[in-house]
Structures are given as C-alpha cells and as structure tokens.
Amino acid sequence: MNKTVLVGLCAVTLSAFATLAQAETIRIANHGQAGINAMKSTVARIEKKYGVTVEVVEYPSPDKDYMTKLLTELGAGNAPDIFSAPTTAYVADMVAAGYLAPIGAEFKAWDGYASFYDVAKQLAVSPDGETYVMPFMLGIQEIYFRRDVLEKAGISTEQPKDWSDLLKRAAEIKEKTGAYGLLFPAGVSWGTGAFDEGFQHLLVGSKTPQLATEDGKLDLTGEGVKDVFGVYKELIDKDLMPTQPLLGPEPWVIPKYQMFPEGKLAATTCGSWCYIFDWGRESKNPIPDVEKAVGTWTIPGQAGGQYVLANLAAPWGVNAKAENLELAKKVLMEIGSVETQVSYAAEIGNIPASKAAAQDQAFQKLTELVPIHAAAENGVYLKQAAGFATVAEGVARATEALLRKETDAAGAQTILVDYAREILGDDAVK
Amino acid sequence: MVRSTYEKRVARQLLLILSPSLLLLIAFVIYPAVYSVYLSFTNEALTGAAALNPRFVGLRNYSRLLHDAKFWNSLLVTFLFVVGSAIIGQFVLGLISAILLRRNLAFKQLFSSIILLPNAAPEVVAGFMWISMLAGGENATLSRIVMFFGMTPTDWLQTFPLTMIIVVNTWRGIATAMILLTAGLSTIPKEVFEAARMDGANPSQIFRRITLPLMMPTILLYMLISAVSTIAVFGLVYALTRGGPGGATEVISIYIYNQSFTAFQLGYGAAVAVVALVISLVLGIAYVRAMKVQV
Numbered sequence: 077m078n079k080t081v082l083v084g085l086c087a088v089t090l091s092a093f094a095t096l097a098q099a100e101t102i103r104i105a106n107h108g109q110a111g112i113n114a115m116k117s118t119v120a121r122i123e124k125k126y127g128v129t130v131e132v133v134e135y136p137s138p139d140k141d142y143m144t145k146l147l148t149e150l151g152a153g154n155a156p157d158i159f160s161a162p163t164t165a166y167v168a169d170m171v172a173a174g175y176l177a178p179i180g181a182e183f184k185a186w187d188g189y190a191s192f193y194d195v196a197k198q199l200a201v202s203p204d205g206e207t208y209v210m211p212f213m214l215g216i217q218e219i220y221f222r223r224d225v226l227e228k229a230g231i232s233t234e235q236p237k238d239w240s241d242l243l244k245r246a247a248e249i250k251e252k253t254g255a256y257g258l259l260f261p262a263g264v265s266w267g268t269g270a271f272d273e274g275f276q277h278l279l280v281g282s283k284t285p286q287l288a289t290e291d292g293k294l295d296l297t298g299e300g301v302k303d304v305f306g307v308y309k310e311l312i313d314k315d316l317m318p319t320q321p322l323l324g325p326e327p328w329v330i331p332k333y334q335m336f337p338e339g340k341l342a343a344t345t346c347g348s349w350c351y352i353f354d355w356g357r358e359s360k361n362p363i364p365d366v367e368k369a370v371g372t373w374t375i376p377g378q379a380g381g382q383y384v385l386a387n388l389a390a391p392w393g394v395n396a397k398a399e400n401l402e403l404a405k406k407v408l409m410e411i412g413s414v415e416t417q418v419s420y421a422a423e424i425g426n427i428p429a430s431k432a433a434a435q436d437q438a439f440q441k442l443t444e445l446v447p448i449h450a451a452a453e454n455g456v457y458l459k460q461a462a463g464f465a466t467v468a469e470g471v472a473r474a475t476e477a478l479l480r481k482e483t484d485a486a487g488a489q490t491i492l493v494d495y496a497r498e499i500l501g502d503d504a505v506k
Numbered sequence: 007m008v009r010s011t012y013e014k015r016v017a018r019q020l021l022l023i024l025s026p027s028l029l030l031l032i033a034f035v036i037y038p039a040v041y042s043v044y045l046s047f048t049n050e051a052l053t054g055a056a057a058l059n060p061r062f063v064g065l066r067n068y069s070r071l072l073h074d075a076k077f078w079n080s081l082l083v084t085f086l087f088v089v090g091s092a093i094i095g096q097f098v099l100g101l102i103s104a105i106l107l108r109r110n111l112a113f114k115q116l117f118s119s120i121i122l123l124p125n126a127a128p129e130v131v132a133g134f135m136w137i138s139m140l141a142g143g144e145n146a147t148l149s150r151i152v153m154f155f156g157m158t159p160t161d162w163l164q165t166f167p168l169t170m171i172i173v174v175n176t177w178r179g180i181a182t183a184m185i186l187l188t189a190g191l192s193t194i195p196k197e198v199f200e201a202a203r204m205d206g207a208n209p210s211q212i213f214r215r216i217t218l219p220l221m222m223p224t225i226l227l228y229m230l231i232s233a234v235s236t237i238a239v240f241g242l243v244y245a246l247t248r249g250g251p252g253g254a255t256e257v258i259s260i261y262i263y264n265q266s267f268t269a270f271q272l273g274y275g276a277a278v279a280v281v282a283l284v285i286s287l288v289l290g291i292a293y294v295r296a297m298k299v300q301v
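These protein sequences, in sequence, are chains V and S.
First residue of the first sequence: 77, per the working numbering; consecutive thereafter.
First residue of the second sequence: 7, per the working numbering; consecutive thereafter.
Don't read these hints as lab results, they were simulated from the structure.
There could be a bad hint or two in this list.
Claimed, not checked - Covered by chain V, according to a simulated footprint, are these stretches of chain S (three or more residues, beta-carbon under 8 Å):
hint	segment
1	227-238
2	267-277
To be verified - Okay, the calculated bits of chain V under chain S, using three or more residues with CB under 8 Å as the criterion:
hint	segment
3	117-130
4	172-184
5	284-290
6	412-421
7	453-466
Claimed, not checked - With a straight-line Cα cutoff of 27 Å, these simulated DSSO-like cross-link-like pairs (lysine-lysine) come out:
hint	chain 1	residue 1	chain 2	residue 2
8	V	K314	V	K293
9	V	K184	V	K197
10	V	K140	S	K76
11	V	K237	V	K314
12	V	K252	V	K228
13	S	K196	V	K293
14	S	K76	V	K309
15	V	K481	S	K76
16	V	K250	V	K309
17	V	K441	V	K360
18	V	K368	V	K252
19	V	K340	V	K184
20	V	K228	V	K140
21	V	K197	V	K293
22	V	K125	V	K406
23	V	K145	S	K114
24	V	K506	S	K14
25	V	K237	V	K459
Small disclaimer: the values here were computed from a predicted structure and weren't measured.
For every residue, glycine included, the Cβ atom is placed at its ideal position computed from N, Cα and C.
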C-alpha cells in the first residue's frame with residue numbers, strides 16, 4: 077500500500093515538473109489600468125491558443141516613467157518579450173539601439189495585414205525599410221472647440237481655412253468671450269505631448285512639412301519649423317492660450333479638465349479619446365451633450381488645406397533578445413487582431429488601425445470614434461527617423477522658453493536645433 | 007620588524023571580520039562610482055545608435071558641460087537650495103529648537119514630537135502632501151490662509167518655486183539639525199554658563215562668546231552632513247516640481263536624472279554626477295579641514 081502511494085506521488089511530482097518545463101512563459105509589458113484591462117481577453121486567447129503562460133508585467137503609468145524603466149531594462153537585457161512604445165517617436169531610436177526584432181515578413185504574411193490602413197503600415201516602417209512594430213492603433217488629433225460658447229458669442233464655427241484664420245478666430249474668441257482662444261500643448265512638463273499633440277500637427281501643414289531627409293538625417297532648420305514656433309509665439313504673446321498651468325507638473329489638468337469644461341478655454345487640440353474620457357461619458361467633469369456642445373476642426377495648413385495627422389498609438393514590438401522569438405512574434409500578431417484593437421479603442425479611445433474594425437459590432441457601439449476611424453483613410457504622417465524622441469524633447473524645451481517669454485520663434489528654433497545637435501551629434505542633424 | 011604569529015593571526019581575523027563590509031562597499035559604492043567615471047568618458051545612451059555601440063569620447067562630455075547653460079543653472083539652483091534650506095533654514099530653526107528644548111518649557115515633549123514628525127513621512131509622501139497645501143486655486147491650504155487675511159491666492163509652486171522647495175526641505179530637515187545641535191549643546195558644562203552669568207554676561211553675550219564657540223565642532227559637522235545630503239535631495243523636489251517651472255528648481259540631482267533618464271544620455275548624465283561628487287568631496291574636505299579633526 078505504502079509503495080503504491082509512494083510511486084503515485086512520484087508520478088504526480090514528475091508529471092508536474094514535466095508540465096512546468098513545457099509551459100513557456102511570455103512576458104508582456106503593459107502600463108496603465110486601462111491598457112491592462114484592454115488586454116485581458118487577448119491574454120486569455122493567447123494562453124489558450126498557444127498553450128503558454130502570459131505574464132503581464134505592470135509598469136509605471138506616465139509615459140516618461142514607463143519609457144525610463146523599459147529602456148533601462150532593455151539596456152540591461154532583462155526586459156519583457158513584448159512591449160509597446162507610447163508613440164511613433166520612440167521607435168526609430170529603439171530600432172537603432174537594437175532592442176526590436178524585425179517583424180516585416182511575419183506581418184506581411186499575416187491574415188490581418190491587408191486590412192490595415194496604409195498610413196498605419198507606412199508609419200510602422202523604420203528608416204531602414206524594415207518593419208519592427210505592430211501598428212495596431214492610431215492616434216488621431218484634431219482641434220476640439222466649444223461650439224456652444226462660440227455660437228452664443230456669435231463667432232463662426234466654420235472650419236478655419238489656414239493658420240491666419242485660426243489665429244484670428246482665437247483672437248475673436250478672447251475678445252468676445254474672455255475665454256482663451258486656443259491651446260497647443262507646450263513645455264517640458266507635457267513630455268512628448270508638446271511634439272505629438274501640438275507641434276507636429278502644425279508642421280505637416282507648413283512650408284517644410286517633413287523633418288526626416290532622404291539620407292536619414294533630421295532637418296530642423298526649415299522655414300516651417302520657425303513658422304510653427306511663430307504660431308505658439310503669437311498665441312502666447314497675445315494671451316490667447318493659457319500659459320501658467322502649462323509650467324506646472326501636470327500641465328493638462330487645469331486647461332483640459334477644468335478650463336475647457338467651464339468654457340474658460342474655447343478650443344484645444346485633443347485626441348479621439350477626448351469625447352469619451354476627457355469630457356464625455358467616462359469623464360469626472362463631463363460636458364453635457366458633449367457631441368453637440370463640442371465640435372471639431374481639422375488642423376488647417378499654413379496656406380490652406382486640411383490635415384489629419386495620424387500617429388501610432390502604443391505600437392507593439394518584440395524584444396530582439398526574447399527567448400523564443402518565433403512564439404513572441406505569433407503573440408504579437410494576436411495583439412494586432414481587430415478584437416484587441418476594438419478592446420483598446422473602448423478602454424483608451426484611440427482609433428483601430430484596421431479598416432475591418434468598421435464592420436465590428438462592438439466598435440460600432442463606440443459612436444464617437446466611428447467617424448474619426450473613417451477619416452484615417454486620408455491620414456498624413458511624418459516620416460520617421462532616428463532622433464525623433466530627442467526632437468520631441470527639444471520641442472518641449474523650445475516651447476517652454478516661449479511660454480516663459482524668454483525667446484522668439486527664431487530663438488525657439490535655435491534651442492531645438494542646438495539641443496538635437498548636442499544630443500545626437502552634428503552628423504545626425506542637418 | 008618581524009611581526010609575531012599572534013599579530014599576524016589578529017590581522018587575518020580583522021581582515022576576515024571586515025571583509026563582508028569591504029565587499030559590500032566595493033560592490034555598491036566604489037564600483038558604481040568608478041563605473042560612473044568611466045561612463046562619463048563615453049557617449050553611452052539608453053536609446054539610439056549609442057546604446058548599441060557606445061564609444062569613448064574623451065573629455066567631450068565635460069567640455070559640453072562648460073557650455074551648457076542648464077548645467078550652470080542647476081549648480082546655481084543647488085547652491086541657493088543648500089544655502090537656503092540647509093545652511094540657513096534648518097540650521098537656524100534647529101538651533102532655536104535645541105536651545106528652547108533645554109529650557110523647562112510647558113508641552114516640551116509635544117513640541118519635540120512635532121519637530122520630529124516630518125521625518126516620519128517618506129520623502130515622496132511629504133512632497134505630495136505639500137503639493138496639496140501649495141497648489142493653485144482657492145481650496146489649497148496656503149491659499150485659504152492668505153485669503154483669510156484678504157490677500158490674493160496664487161499657485162505657490164509656480165510663483166515662488168525655489169522658495170517653496172526651500173521651505174519644504176527646511177521643514178523636513180529641522181529634526182536632524184535639532185537632534186545634532188541638542189547633542190552639541192549638552193556637551194557644554196552648565197558651570198560655564200553659571201560662571202558667565204555670575205560675571206554679568208547677558209544672554210546675547212553668553213550665546214556669542216560661549217555657546218557658539220563651544221558648539222563649533224558640532225555645527226561644522228552638521229553643516230557637512232546637511233550640505234552633502236541636501237545636494238543629494240531628489241525625491242522631494244521631483245515630487246513637488248520635477249525641476250520646473252522652466253528649470254527654476256532643477257537642482258543638480260534632478261538635472262542628472264533628466265539627462266540620464268529623460269534625455270537617455272547616460273554618458274553625459276554620468277559626467278554631471280561626477281562633477282556633483284567632486285563638489286561634495288571638496289565640501290567635505292573643506293569642512294574637515296575647518297574642524298581640524300580626523301573623521
């Protein structure tokens with residue numbers, strides 16, 4: 077009897093060890109509760125489909141802190157197998173650092189590839205021509221304005237034709253309502269937002285709409301760069317944009333969550349998520365009947381035209397040092413599925429990069445996002461180059477100097493150029 | 007001179023006893039410091055091509071420092087922060103507290119507990135607590151107080167950022183100053199004060215001619231500890247202002263962090279850290295020389 081029990085126990089123990097040895101673990105980095113929630117069903121699907129254990133490693137929520145921790149771990153060689161970058165701006169530098177495994181062949185051979193918007197596919201291509209990230213969500217920003225406030229004051233709500241028209245509208249708002257007329261994110265505290273949510277949207281409609289040159293360098297000396305800083309300068313000098321809150325540690329809180337709902341700020345750049353999370357049904361300070369009270373303008377060009385600038389939101393990549401690269405790439409394709417895209421859209425408010433989401437029933441329920449998803453068809457984008465993260469920090473520093481009224485547009489451009497040269501070296505910056 | 011077997015054995019035992027501490031010191035203090043010096047001569051980065059292939063750049067990072075206005079600004083801010091909070095704020099208030107606590111005050115224990123309380127709160131928690139007191143808007147504590155007196159409230163961390171971080175760091179450091187200075191005061195024999203009083207010295211004369219000179223070694227020791235530890239303050243300032251607005255509170259520790267982990271330039275950040283280390287060392291040597299004692 078005792079012998080039988082002993083043999084049985086040994087068999088169970090051996091079997092347990094064998095199972096443990098076979099069950100592979102894929103580690104996925106994620107940050108922010110919404111992101112973690114969005115991935116829950118995907119994680120369960122991956123575990124079931126591939127018989128692996130998925131360990132979701134939770135990182136600090138603010139993008140800057142997340143990147144600091146992630147890059148430190150990537151540098152040390154102990155980062156998770158799969159992770160995302162907050163925006164496109166980080167990707168080329170991560171590729172140059174050798175952190176990302178190429179996924180071009182697998183991505184193109186994958187069923188879902190054909191249904192992705194062209195702009196998403198192009199944004200995912202690195203300067204070396206290879207694809208290293210799954211471009212599963214798009215960040216699309218526009219100018220959101222208080223239609224109710226403007227109409228009450230007798231101000232036109234028509235789409236502004238060009239920068240001059242936009243600035244005149246902002247001045248008219250200030251004059252007739254006393255509210256700030258327009259906000260473009262600026263300053264160091266806003267992190268990459270000064271570039272991602274402000275600067276680049278104006279740049280694509282300027283005289284020099286791209287920063288990356290054919291030879292992979294950065295051209296920051298273009299006339300368009302100075303002109304974009306000129307727009308900031310005019311908004312700040314004429315007191316058309318709130319400046320003091322932008323110098324604090326959480327610069328978006330007062331303008332976006334207090335001033336805009338109160339009507340003290342009448343227009344601001346914001347992403348597709350704003351209708352839901354900033355002022356809509358999921359907001360702590362909602363604007364009643366938000367889709368009627370708040371309208372949108374696309375960002376006009378310097379001399380006319382309208383620009384819907386698309387950016388990759390949380391592009392996912394595979395760690396070049398992942399233990400099982402093949403498996404990690406398969407898991408990455410699961411993350412790119414329409415189901416996961418829609419889950420992210422519901423939790424975070426970004427736009428699915430797949431056209432197929434338009435036929436998804438769950439996505440159809442996100443009525444605020446459906447028209448923006450359709451507009452992504454005409455999305456434009458900034459060509460990527462190594463050093464974009466540095467440019468983003470340089471723009472933050474330059475706009476901070478403008479906020480503090482320490483410089484003019486040409487001076488801000490010099491701050492950006494000097495900073496980029498200082499960090500990247502003279503060879504990388506034209 | 008030939009050492010005896012006994013002496014050799016004692017020396018070996020001492021080495022054995024000291025070796026764990028020595029190993030820890032090498033692993034966690036000396037090696038990182040030496041590695042930082044090495045990093046400061048490279049273009050090592052956390053991202054970009056330099057992360058893959060870092061190269062030796064000689065003194066380029068140090069030469070860049072010389073022309074970096076933000077670095078000089080951080081040195082100036084650090085100097086004002088150390089002078090304002092450690093040298094003036096904590097020392098003066100700590101000395102007053104120490105002198106008061108020598109007297110038979112009512113609620114003496116309550117008073118000393120209140121002074122010690124700031125040390126019970128972790129740095130970042132204390133930072134966030136102060137944010138709620140110094141924030142803009144009418145609901146913040148300080149704004150409510152000034153409004154009670156008919157004054158206009160403001161966002162204190164925006165309007166007076168450096169002053170505010172000096173105030174907060176002073177608040178946090180009084181206890182250490184008080185404990186050290188109380189210890190210093192207690193070493194002065196009471197008879198000296200009694201003799202001075204009998205000779206007709208007034209309180210001001212007693213303080214200037216007896217208390218201060220006799221406490222000088224303690225004061226210098228306090229200054230050394232306080233200045234070096236204030237140069238290294240990070241969490242409190244990071245939680246309060248993150249070095250802003252516009253670099254107004256970017257003390258050198260924040261500047262090192264920003265260069266290393268925001269701009270991801272480890273080599274340059276290490277060069278700034280080496281400079282900070284040298285400044286701390288120079289301060290330490292100067293204080294030790296002034297004390298004329300071996301530490």
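The hints, checked one at a time:
With a cut-off of 8 Å between beta carbons, the segment 227-238 of chain S has 0 residues touching chain V; three or more are needed, and the interface restraint is violated. Three residues within the 8 Å Cβ limit are the bar, and the segment 267-277 of chain S against chain V gives 5, so the coverage statement holds. For the segment 117-130 of chain V, the stated coverage by chain S is violated: 0 residues have a C-beta nearer than 8 Å to a C-beta of that chain, whereas at least 3 were required. Only residues whose beta carbon comes within less than 8 Å of a beta carbon in chain S count, and the segment 172-184 of chain V has 4; three or more means the coverage holds.
Given as covered by chain S, the segment 284-290 of chain V fails the check, having 0 residues with a CB less than 8 Å from a CB of that chain where 3 are the minimum. Only when three residues or more bring their CB closer than 8 Å to a CB of chain S does the claim for the segment 412-421 of chain V stand; here the count is 0, and the claim is violated. For a cut-off of 8 Å, the count of residues in the segment 453-466 of chain V with a CB near a CB of chain S stands at 4, and the three-residue condition holds. Note on V/K314 and V/K293: the hinted pairing is violated, with a Cα-Cα distance of about 35 Å set against a maximum of 27 Å.
At roughly 10 Å between alpha-carbon atoms, V/K184 and V/K197 fall within 27 Å of each other, so this suggested pair holds. With a CA separation close to 20 Å, the supplied pair V/K140 and S/K76 stays within the 27 Å bound. Note on V/K237 and V/K314: the hinted pairing holds, with a Cα-Cα distance of about 21 Å set against a maximum of 27 Å. For the proposed pair V/K252 and V/K228, the alpha carbon gap of about 10 Å is at most 27 Å, so the pair holds.
Between S/K196 and V/K293 the CA atoms are separated by roughly 75 Å; this puts the pair beyond 27 Å, and the hint is violated. Restraint check for S/K76 and V/K309: the C-alpha separation of about 22 Å stays at or below 27 Å, so the hint holds. Under the criterion of a C-alpha separation no larger than 27 Å, the hint pairing V/K481 with S/K76 is consistent with the structure, at around 17 Å. At most 27 Å may separate the alpha-carbon atoms for a hinted pair to count; V/K250 and V/K309 meet this at roughly 16 Å.
For the given pair, V/K441 sits about 21 Å from V/K360 by alpha-carbon distance, which is consistent with the 27 Å threshold. This hinted pair checks out: V/K368 and V/K252 have alpha carbons roughly 21 Å apart, not beyond 27 Å. For the proposed pair V/K340 and V/K184, the alpha carbon gap of about 48 Å is over 27 Å, so the pair is violated. The suggested pairing of V/K228 with V/K140 is violated, with an alpha-carbon distance near 40 Å, which exceeds 27 Å.
Of the supplied pair hints, the one linking V/K197 and V/K293 holds, its CA atoms being roughly 22 Å apart against a limit of 27 Å. Proximity of V/K125 to V/K406 is assessed by CA-CA distance (about 10 Å); at most 27 Å being required, the pair is judged to hold. Only pairs whose Cα atoms come within 27 Å are accepted, and V/K145 paired with S/K114 is rejected, the gap being roughly 47 Å. Using a Cα cut-off of 27 Å, the hinted pair V/K506 and S/K14 is violated, with the two alpha carbons roughly 68 Å apart.
With a C-alpha separation of about 25 Å, the suggested pairing of V/K237 with V/K459 holds against the 27 Å cut-off.
Consistency note: the structure conflicts with the earlier hints numbered 1, 3, 5, 6, 8, 13, 19, 20, 23, 24.
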